[in-house]
Amino acid sequence: AQSVAQPEDQVNVAEGNPLTVKCTYSVSGNPYLFWYVQYPNRGLQFLLKYITGDNLVKGSYGFEAEFNKSQTSFHLKKPSALVSDSALYFCAVRSAGGTSYGKLTFGQGTILTVHP
Amino acid sequence: NAGVMQNPRHLVRRRGQEARLRCSPMKGHSHVYWYRQLPEEGLKFMVYLQKENIIDESGMPKERFSAEFPKEGPSILRIQQVVRGDSAAYFCASSPPGTRGGEQFFGPGTRLTVL
Chain A
1 AQSVAQPEDQ
11 VNVAEGNPLT
21 VKCTYSVSGN
31 PYLFWYVQYP
41 NRGLQFLLKY
51 ITGDNLVKGS
61 YGFEAEFNKS
71 QTSFHLKKPS
81 ALVSDSALYF
91 CAVRSAGGTS
101 YGKLTFGQGT
111 ILTVHP
Chain B
1 NAGVMQNPRH
11 LVRRRGQEAR
21 LRCSPMKGHS
31 HVYWYRQLPE
41 EGLKFMVYLQ
51 KENIIDESGM
61 PKERFSAEFP
71 KEGPSILRIQ
81 QVVRGDSAAY
91 FCASSPPGTR
101 GGEQFFGPGT
111 RLTVL
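First to last, the protein sequences are chains A and B.
Going by the working numbering, the first sequence opens with residue 1, and the numbers climb by one from there.
Going by the working numbering, the second sequence opens with residue 1, and the numbers climb by one from there.
Quick caveat, the hints were computed from the structure, so don't treat them as lab data.
Glycine included, every Cβ here is placed at the ideal spot set by N, Cα and C.
Not one of these hints is a red herring.
Simulated DEER-style distance windows between Cβ atoms:
1. B:I54 / A:N55: 32 to 38 angstroms
2. B:G3 / A:G16: 31 to 37 angstroms
3. A:G16 / B:Q17: 48 to 54 angstroms
4. A:S86 / B:G102: 24 to 30 angstroms
In silico lysine-lysine, BS3-like type, Cα no more than 25 angstroms apart, as pairs:
5. B:K44 / A:K49
6. B:K27 / A:K49
7. B:K71 / B:K27
8. B:K44 / A:K22
9. A:K49 / A:K69
10. A:K77 / A:K58
11. A:K58 / A:K22
12. A:K22 / A:K49
13. A:K22 / A:K69
Some chain B residues flagged as far from chain A (calculated, every beta-carbon gap over 10 angstroms):
14. N7
15. R15
16. R20
17. S24
18. E63
19. E68
20. P74
21. V83
22. V114
23. L115
Next comes chain A alone, as it looks inside the complex (with noise of 0.2 angstroms):
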């Protein structure tokens, strides 16, 4: 069974601080990790994934994510935050192989409130 973890309900950051929204897996086999964010009233929209590669991924919107193996994590990050960041993040992963490859399985989400 594959699952992910975000330890905070809640981030709260000045604009202009660094930000990280944590996140930690669990999967059988090689993971395919992804980040979304979602606005109120809206869907998913896709910020970065990892498939395989460096392990420092730089995706949308200056956002960017660390791949740890031996931590099974895979935190997301910006330099500076922006007030227009606010919004419900959420990391998600899938197994490389196995039958249930197409099943994104999402973790409870972060909340991420940028402070003016």
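Based on these hints, arrange chain B on the given structure of chain A.
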């Protein structure tokens, strides 16, 4: 290229009625996924379909729920005899063929309210 389209965006049903949710994937995408987001919870996988085939329905409730993706037309998620616990946001996602490592593109969702 239009994104994933879902309709209706909002659906109100009384207990015992049927709900039909439609999803048109992005152009060129042949894989469709349905997820459910209950209040205060994350998204839960329901079903994965390709044209005319159900690939993985491990997240579907065993009763009242069904899904299809016909050769022509949108994918349909059907809920029979709805109950209040079915109230949720239902999201559809799609992906192109041959991209097992690729991201899924999500629609805006259908918010179902059961009175």
